[in-house]
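Enquirer: As they're listed, the protein sequences go chains A, B, C and D.
Just so we're aligned: 248 in our numbering is position 248 of the first sequence, and the numbers increase by one with no gaps anywhere.
Just so we're aligned: 530 in our numbering is position 207 of the second sequence, and the numbers increase by one with no gaps anywhere.
Just so we're aligned: 967 in our numbering is position 321 of the third sequence, and the numbers increase by one with no gaps anywhere.
Just so we're aligned: 1124 in our numbering is position 131 of the fourth sequence, and the numbers increase by one with no gaps anywhere.
Don't read these hints as lab results, they were simulated from the structure.
Cβ atoms here follow ideal geometry from the backbone N, Cα and C, with glycine treated the same way.
Where hints are given, some of them may not hold.
[What the hints assert, rightly or not] Which chain A residues stay away from chain D? Per the calculated CB distances, all over 12 Å, these: (1) T19; (2) G22; (3) E60; (4) A62; (5) G107; (6) H129; (7) P184; (8) Y300.
[Stated by the list, open to error] Okay, the calculated bits of chain A under chain D, using three or more residues with CB under 8 Å as the criterion: (9) 29–36; (10) 116–126; (11) 229–243; (12) 287–296.
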Amino acid sequence: MRVMSYREAVIEALREEMTRDGNVFLMGEDVGRMGGVFQATAGLWETFGPSRVFDTPISEVAIVGAALGAALVGLRPVAEIMFVDFTGVAMDQIANQVAKFHFMTGGQAIVPLVIRTQGGVGFGDAAQHSQSLEAWHTHIPGLKVVMPSTPSDAKGLLKTSIRDDNPIIFIEHKLLYQTEGPIPEGDYLVPIGKADIKKEGKDVTIITWSKMVLDSLEAASLLEEEGIHAEVVDLRTLNPLDLDTIIFSVKKTGRAVIVHEACKTGGFGAEIAALIVEKAFDYLDAPIQRIAGIDTPIPYAAPLYRAVIPNPDKIAQAVRGLL
Amino acid sequence: MRVMSYREAVIEALREEMTRDGNVFLMGEDVGRMGGVFQATAGLWETFGPSRVFDTPISEVAIVGAALGAALVGLRPVAEIMFVDFTGVAMDQIANQVAKFHFMTGGQAIVPLVIRTQGGVGFGDAAQHSQSLEAWHTHIPGLKVVMPSTPSDAKGLLKTSIRDDNPIIFIEHKLLYQTEGPIPEGDYLVPIGKADIKKEGKDVTIITWSKMVLDSLEAASLLEEEGIHAEVVDLRTLNPLDLDTIIFSVKKTGRAVIVHEACKTGGFGAEIAALIVEKAFDYLDAPIQRIAGIDTPIPYAAPLYRAVIPNPDKIAQAVRGLL
Amino acid sequence: MSVTDYLSWGGSMQVRKQEKIDLYRLMVRIRAFEEQSFISFNQGLTYGVLHLYIGEEAIAAGCMYDLRKEDYITSTHRGHGHLIAKGADMGRMFAELLGKETGYCRGRGGSMHIADMTIGILGANGIVGAGVPISVGAAFALRYKGLDHVVLCFFGDATINTGAFHEAVNLASTWKLPVVFVCENNLYGISVSIKNACALRSLADRSAGYAIPGVCVDGNDVLAVRKACIEATARARKGEGPTLLECQTYRWGGHFTADDGKYRPDEEVRHWKEERDPIGNLARDMLGSGEIDQQEIDVIHREVKEEVEKAFRYAQESNPADVDGMLRGVYYESPTRTRNSKGEDLP
Amino acid sequence: MSVTDYLSWGGSMQVRKQEKIDLYRLMVRIRAFEEQSFISFNQGLTYGVLHLYIGEEAIAAGCMYDLRKEDYITSTHRGHGHLIAKGADMGRMFAELLGKETGYCRGRGGSMHIADMTIGILGANGIVGAGVPISVGAAFALRYKGLDHVVLCFFGDATINTGAFHEAVNLASTWKLPVVFVCENNLYGISVSIKNACALRSLADRSAGYAIPGVCVDGNDVLAVRKACIEATARARKGEGPTLLECQTYRWGGHFTADDGKYRPDEEVRHWKEERDPIGNLARDMLGSGEIDQQEIDVIHREVKEEVEKAFRYAQESNPADVDGMLRGVYYESPTRTRNSKGEDLP
Ligand SMILES: Cc1ncc(C[n+]2csc(CCOP(=O)(O)OP(=O)(O)O)c2C)c(N)n1
Ligand SMILES: Cc1ncc(C[n+]2csc(CCOP(=O)(O)OP(=O)(O)O)c2C)c(N)n1
Ligand SMILES: [Mg+2]
Ligand SMILES: [Mg+2]
């Protein structure tokens, strides 16, 4: 198996799908010659030229709205919003147009559209460049939400997303781009709506996604040394949600910890907790714990932002508290 | 006690606060001479004139952003966004500017700003004019979220909101404007962050807010006839949240039903369910139920939108299922 | 400018009599549709509110008369006229307003969301300004595919102050896309006079900020609108980029069916209804020039009336929207996992 | 236009020698601050990335020299120069960059969020365009209060394509608010040439779409900038409304400290650095006219160096940001429930 970075996996997925289908194109700020501020489209402009990989003005509303218009006319746009924090600028287009068009037109309109973006705390980009906003997007019926944690999932899910005939927000994580992992050979797809058990265990279920999968796996290693066997469920896609896998695991372990980087209040972890209670109440041996960002804007200095978001120690600590 | 409509209560609150403090002013689309499309600012233009009550262009970004700028320079703006559905247009200003300014400036900036808006399903305004989006706003640290259900709460909370030195989104409900209720005499305030038990009961706690309080009270009456005594907790403000009142009630009844009009997935009901599990797990005699909108854009025709949102029968049915 | 003035210009475009009659019929049809819509609203047969197009018929008719089926439009909350002029089926439109399963959106969308993807109607829209970027994206797709079709983007005067308008027009101008921005300046956005929302004397002047042409016409003169739109679409088809076309007009009623519009001066309303009726004036001019006689006019009105009645009957007799089906309507279920949007199965 | 050209204009504004020296010192100070910032970044003393102002100093200096303390500004991600020119304390700025408790934002905000509410700095901003409506609201508040102060709103070339810019400028124009929109046209938004993002030849022409004056100056000529800004602020103070002032300039480095800027032609970079250095050119002109000699220049540079070193030392010696306090920093706790924003207790 090849080893590849998350960033390279994203590029390879784009490259393969663009090669396969001439209707796929990329648009966004600095995605062209520069290859994206995170270099996640590097080399594609050179391969496909400016008619299929192009820069836009700083106009997030127009980026999303124009991608929608192009999708309605039969193309399959991959539109980039540089930071998930900027989806607020285009929130009307995302929530009221892109996500609802199929439904509002009684099924007439088909919107095969991927909005690629990235989020999360990096190295001190502060309150407007560090957020995890997936809870906004999961509260929009009609919009699928995909958040892969590994290079292999990133590639397989991005390819599936591009082939999907529904609008999808595909949220990468700025600290994942450099991470590496094995990538299957050939044209593989990862299904949307299927969680992945990244580590098996019998004592507690850790449910998580995106970069927090890595932190949770690290926590699980720490716990393993103490004889605690945590199962780590990587949701990979939040909508559709693979509830079966969550419930199956929680029924097995009787304990659930949910880990996400977004601030706790109103985070998607709440939804998962509520669903577990609805579906597996009688199997729970302890309250469900949420380990999440604290309810503050993300601060600038490292000691501050580190205090805000979860890390392996905090996760391990929470698990110990449940047992 | 006087009886007043919710709409009149809003107007009276604005009138009193504008009289009391010359720094308070109203801006928004059609809030001036027309008095607002829901007539919720009627008469204020006549009293205070166009320098304090004025129409803006259709520019939600500028409305919120300019209100923020005015607040930073010492005024106390009350800015109206006609429908909560349009907050998507201004989401960057709301989430990244207004809510975070105090924190990002290390406490220097003070943002006494009220964004008034209204939401919910009416009589068939369809997918872009019927939403309940408070879950977006409760996931923004720094922004208080107020959603009164009665005329008396509307007046008291709006006055408190205007006097608060933090940004607040104040969400009315289009079907509440015509509802009537008693209003205390004089200059009373309702505290932000204090829930109100609208009906006491011992068998089950119904936790709800905004128009669903009315539906829940109706459900509670139905249940009362069957000998089921439901307690109805009106949260009134979602952030800050009066968790104590919720937990106290749930510990008493052992059963919780959460009712909201917003679509279920990612709704604020999930947060409440998760919090109850965290704080009162051992007191629960049954899984927590969420009665909420189904996960679809709001449809146009009445039989369709009625199928989407909760009503007294659905609520009562859910309660029966728990007992 | 009256129709006769326009003809006396000796403009390059010859307007044949039959074309004028067609345009007349189209305007009459739009108005008749709206009148029936209003009656239905008042009878409680529709839901929500309706934004009627009465008084503005010349814009939709004049702009759309020469379009191809393959051309696209984006419309607005005040969309009925646009849809009819682009060729939408009035029966399915009424069915939508009445919340029927045969409606364009199967009762899910209502007046503000009607679309017909088979004839290039990319939807009315309930969010002011939101259609503008969509139109630009459609124009981009046409060029991407190497087609010489165009997109007409309709919106009101007040819409030119939205960020969406700005970002989209700038994009279209920078990329020289085949789109015509048709601003229906009816002087108000709900109750707010455009004078209190924008400092420009003519809204067409906003074009200068994007280095695209701006044209202002009498939007109640269907022939003037038509001529301007033909020129703008020709530019667009030739790859010369977008045009901002301001059409000055007036809505006869309130902003929506629940608004009496009393914030407008009586005299202003009277002036536009009585002196600047796009339909009445065209009839007057054609009668004056002898191109048509009263009897012919009466026939048109009678025929349109029957057409509209038939369409409305179709809607009334249709089944109500199907609640169960709705719950499956949020996502598109591709017949196969790898079908593309053109319906081709990919390997 | 060089400084001598400008003087030979015989413009109405006499530029006294001392003023030129002040402006020179201000530009040197800004550059020195940025150089130290860059060093700190490279030493890993700062967090995130920094957007340096080197090459653009003449705009901040020229615009802000004549402002009152009571005037306001809104700034951007590339804000250090604006803040220094408005009078911010470099020690507290460095402290912020280094994440210290004495920093302007107590280490919570960082480079992109520095504000000083006591001298009218309404914040840098990390969201492109977001400061523009804020500036307009501040200008509104000034007029509401009956004051004749103004607001200067800084932003880059690429910002003029955002919806926020449009909505805000339209509002300011319609309401004739006392704000000057200063567009720092450094030819790029990150890697994207403004030519690929906007079809206008001069960005100042965008003003035509709002019926406000548009002025374009050599943004590397501090006296030209100053003159244009004095005129625009005078208009604003008199209640004549906003101006769009385009200042053509160039950033010497990449977009931020982690960018090498290699998407720009070498020759272009060389041209701006060598031939159009705002600081070097002013020195050259003043030396040429005999208004200053090399020794005086050296003194200025040495004094500024010491000043910056002292400021940096202050920052280094300060305590790191306090984690515990942070958790209480999200909401403002009014001393009493009914204190208003001016600090007055209300009944
Ligand atoms: C973003 C947004 N803001 C406000 C509204 C409410 N609204 C609906 S139509 C309208 C006025 C539109 O005016 P104009 O663009 O001139 O079109 P007209 O109705 O006059 O045809 C407003 C403010 C909306 N639908 N969307
Ligand atoms: C809404 C938004 N979109 C994109 C970005 C990312 N971004 C930061 S600065 C910048 C370029 C700004 O260019 P310009 O306005 O010309 O200012 P300059 O950096 O050249 O001074 C971009 C795209 C952002 N911060 N906010
Ligand atoms: Mg209008
Ligand atoms: Mg720039």
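Enquirer: Checked against the structure, which of the hints given earlier come out wrong?
Expert: Numbers 3, 4, 6, 8 and 11, in rising order.
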